[in-house]
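> Chain order of the listed sequences is Y and S. So in the UniProt record's numbering, spot 368 of the first sequence is number 368, and the numbers just go up one at a time. So in the UniProt record's numbering, spot 146 of the second sequence is number 146, and the numbers just go up one at a time.
There could be a bad hint or two in this list.
With a straight-line Cα cutoff of 25 Å, these simulated DSS-like cross-link-like pairs (lysine-lysine) come out [as the list claims (entries may be wrong)]:
id : chain 1 : residue 1 : chain 2 : residue 2
1  : Y       : K457      : Y       : K397
2  : Y       : K25       : S       : K296
3  : S       : K296      : Y       : K21
4  : S       : K296      : Y       : K43
5  : S       : K318      : S       : K335
6  : Y       : K21       : Y       : K58
7  : Y       : K183      : Y       : K147
8  : Y       : K366      : Y       : K451
9  : Y       : K465      : Y       : K397
Treat the hints as calculated values from the structure; they're not laboratory data.
Residues per chain, in single letters:
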Amino acid sequence: MPIELKMPALSPTMEEGTLAKWMVKEGDTVSAGDVLAEIETDKATMEFESIDEGTVGKILVAEGTEEVKVGTVIAILAAEGEDASDIEAPSGDASADDASAASDEVEDVPGEGKDVGREGNPLDIDKPAAKPRADDPEIPAGTNMVKLTVREALRDAMAEEMRLDDRIFVMGEEVAEYQGAYKVTQGLLDEFGPKRVIDTPITEYGFAGIGTGAAMGGLRPVVEFMTFNFAMQAIDHIINSAAKTNYMSGGQMRCPVVFRGPNGAASRVGAQHSQNYGPWYASVPGLIVIAPYDASDAKGLLKAAIRSDDPVVFLENELVYGQNFEVAQLDDHVLPIGKARIMREGSDVTIVSYSIAVGVALEAAKELAEQGIDAEVIDLRTLRPLDTETILESLAKTNRVVIAEEGWPTCSIASEVVAVCMEQGFDNLDAPVLRVCNEDVPLPYAANLEKLALIDKDRVVAACKKVTYSE
Amino acid sequence: MAKASASGNGKSNKAPAPSAASENPDSEENFALRTLQESLDKQKRFEASQEQLMHFYEQMLLIRRFEEKAGQLYGLGLIGGFCHLYIGQEAVAIGLQSALDNDRDSVITGYRDHGHMLAYGIDPKVIMAELTGRAAGISKGKGGSMHMFSTEHKFYGGHGIVGAQVSLGGGLAFAHKYNEDGGLCLAYFGDGAANQGQVYETMNMAALWNLPIVFVVENNQYAMGTAVKRSSAETEFYRRGTAFRIPGMEVNGMDVLEVRQAAEIAFAHVREGNGPVLMECNTYRYRGHSMSDPAKYRTREEVQDQREHNDPIERMKKLLAENGVAEDKLKEIDKGIRATVSEAADFAESSPEPEPGELYTDVLVGEY
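I would like the entire structure built from these sequences, with the hints used as guidance.
Shown next as structure tokens:
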């Protein structure tokens with residue numbers, strides 16, 4: 001069988017090119033790897049190599065021809081034992097610039113794949129609807145409530161899960177012998193030993209990769225970043241390796257890893273150590289992003305995160321670690337991922353918040369109550385997937401929304417919530433949705449400037465008064 | 001070796017012991033940096049049975065023909081995006097992977113991954129169908145050339161970020177050790193990736209924690225268009241583990257028998273609990289970095305010289321002929337492989353694209 005040589009696509013975007021020069025002539029014998037022609041694309045001149053051995057039978061497109069469509073037969077090669085002079089050009093007019101002949105030859109649209117399955121209008125695809133999310137499990141009457149710091153709650157969550165599942169291990173800087181840079185892993189080394197509580201060198205990219213790879217290999221790593229600021233060194237593994245694996249593998253390869261550590265501004269540590277990465281991670285499909293406020297949620301959601309088959313970014317806050325909250329003393333306190341929590345019910349305005357800003361929102365609500373404004377406070381708890389249902393239900397009730405976020409305003413979670421309210425709750429809005437975020441500057445060191453840069457109760461109160469027209 | 005355990009128990013093995021060099025197992029004299037290379041130098045080539053030789057030949061030829069076909073399909077617009085061919089480097093994947101224990105060992109590589117998939121005996125049809133982006137592809141058409149996986153074969157991809165597979169491979173090795181399953185991880189990367197920082201972060205931890213991993217540098221001489229000597233202060237990559245006390249091996253990656261022999265030595269070392277090995281396989285890619293590479297950074301003569309004098313398949317063909325395998329038999333093998341590859345291409349062209357609804361599946365495993 002003579003071999004048809006077709007105009008090749010030489011780049012992901014090439015649709016046509018110039019056949020600049022033939023390096024062989026009819027009757028020449030060629031072997032694999034010989035250059036047959038030079039082809040100019042929009043980017044470069046490429047050499048077109050022979051893949052087979054044979055004799056050049058007919059050259060069908062003359063050199064110098066421009067706009068030769070990809071897939072056009074440009075020459076015929078006679079294979080071993082065939083007489084090159086006997087070869088007929090393909091039926092139809094195969095003249096140099098007749099693209100219609102070429103399109104007959106090529107069944108598929110170049111660069112487009114086969115047209116099977118393309119009949120459907122993309123707008124007709126059934127996008128899976130979000131299912132209503134489960135509420136937090138009821139706490140049985142008479143359950144003992146204990147005071148726990150967020151730090152202790154996180155530690156207990158890890159310890160309880162590690163007791164249940166040998167595949168779980170904790171790794172990070174200073175998590176073992178030092179007992180945790182912020183003492184979140186205190187006591188874990190003593191209970192679980194050095195095999196499961198592992199000090200790493202200061203090498204975030206490397207150990208985030210090792211943690212992610214271990215998850216691919218069937219383990220359940222909890223990777224602690226001393227702070228999420230350092231996770232920027234490792235963000236490639238969190239996003240490119242962990243978040244995309246399940247999708248890229250067609251659901252074959254799982255990556256059940258938890259990346260956790262303190263996030264957001266601490267106190268007087270300057271710009272490089274003070275940043276909220278919630279919006280960064282929450283923008284990535286394939287990740288679960290959780291940012292709890294109180295000890296009960298920290299515990300219940302970290303346990304859920306460790307049990308999840310998906311990669312989870314779990315954002316804590318250093319300033320909240322030492323705060324005490326009531327936690328139900330239950331054998332297995334696990335909370336649903338993706339469900340927001342109404343921290344305070346109210347009827348006049350909704351304050352949407354998460355992480356440390358929930359405390360600010362609650363303080364603001366208290367002050368607003370004294371002024372006769374009844375604010376509802378929502379703690380998102382999970383940033384991805386976002387519980388839009390709870391936000392919209394509250395909006396339908398109060399008709400006003402303010403978002404309080406300890407983070408920059410641009411492309412923030414606050415911005416996302418504004419978009420959700422606009423797109424899905426517009427008819428219920430009685431006022432523009434307002435964002436109360438940090439100032440749009442790197443966090444300064446000086447005490448007075450730092451205070452000015454961060455959100456506070458007064459700004460949330462002012463925004464709530466503005467949307468309730470109480471100024 | 002008194003390596004720190006995974007606990008990082010903090011006991012430095014660097015404690016000064018000036019007078020006790022002979023008693024210190026980590027002393028310079030006992031340092032195993034070169035011992036693996038010495039073993040290889042004693043016997044360079046694996047003593048394969050005739051059956052094994054035939055098998056190596058067939059597998060390498062399958063990769064070659066498959067990749068040639070992939071190049072053609074790319075030229076026809078049936079394969080899109082990036083497509084990195086393995087032509088020229090076949091002996092590396094075959095030599096190494098033929099020595100694995102497939103029940104327990106894992107493999108991970110970068111984006112030039114078709115050859116490593118084929119080396120496992122994975123059906124060429126599902127690989128080619130992934131290249132054409134069809135539902136029958138091994139990643140349901142959602143991964144493409146650079147993102148193929150087979151957890152069944154413990155092949156963990158297929159990664160597009162240069163060097164990322166090395167630390168992920170460190171994680172796979174970590175899991176082998178954690179599970180005490182006796183397996184090792186084979187982590188491939190190129191001479192380009194060898195300059196990435198995370199490679200050395202991983203070498204440090206792998207040596208520190210004694211992880212069962214073989215780091216394989218497939219040195220094909222060019223990081224995209226940049227020659228090794230233009231990118232690398234130390235061009236002898238096998239030496240680069242020295243800083244982490246990882247023994248190095250320099251291997252002719254164009255000779256499947258030498259690669260296999262090196263694999264035997266390296267794997268035995270790792271399986272005995274001695275920690276990682278760094279193996280440099282010197283090889284050569286005949287094609288451009290990807291399909292859209294005009295390859296102006298090297299001469300045609302250089303490429304032709306490699307093809308004519310160092311081709312791993314020709315080398316094996318010659319050996320088989322010397323061993324009395326008839327020319328006709330070899331032709332028959334080639335014919336059979338061409339048929340297999342054509343069949344894979346037909347399958348990949350004719351099978352349907354993914355259902356539009358697949359757009360939304362596999363983003364997350366759980367429902368939240």
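> Work down the list of hints and note, for each, if the structure agrees.
Outcome of the hint check:
Distance hint between Y:K457 and Y:K397 is fulfilled; the C-alpha atoms sit about 23 Å from each other, no more than 25 Å. As the CA atoms of Y:K25 and S:K296 are separated by approximately 24 Å, the hinted pair is consistent with the 25 Å bound. Between S:K296 and Y:K21, the direct Cα distance comes to roughly 17 Å. Compliance with the 25 Å bound is thereby established for this hinted pair. With a C-alpha separation of about 13 Å, the suggested pair S:K296 and Y:K43 falls inside the 25 Å cut-off, and the hint holds.
A hinted pair counts as satisfied when its Cα atoms are at most 25 Å apart, and S:K318 with S:K335 qualifies at roughly 18 Å. Our distance criterion of 25 Å between C-alpha atoms is met by Y:K21 and Y:K58, whose separation comes to about 15 Å. Between Y:K183 and Y:K147 the alpha-carbon distance is near 18 Å, which keeps this suggested pair within the 25 Å criterion. A hinted pair counts as satisfied when its Cα atoms are at most 25 Å apart, and Y:K366 with Y:K451 qualifies at roughly 21 Å.
A C-alpha spacing of about 17 Å is found between Y:K465 and Y:K397, which places the hinted pair at or below 25 Å, so the restraint holds.
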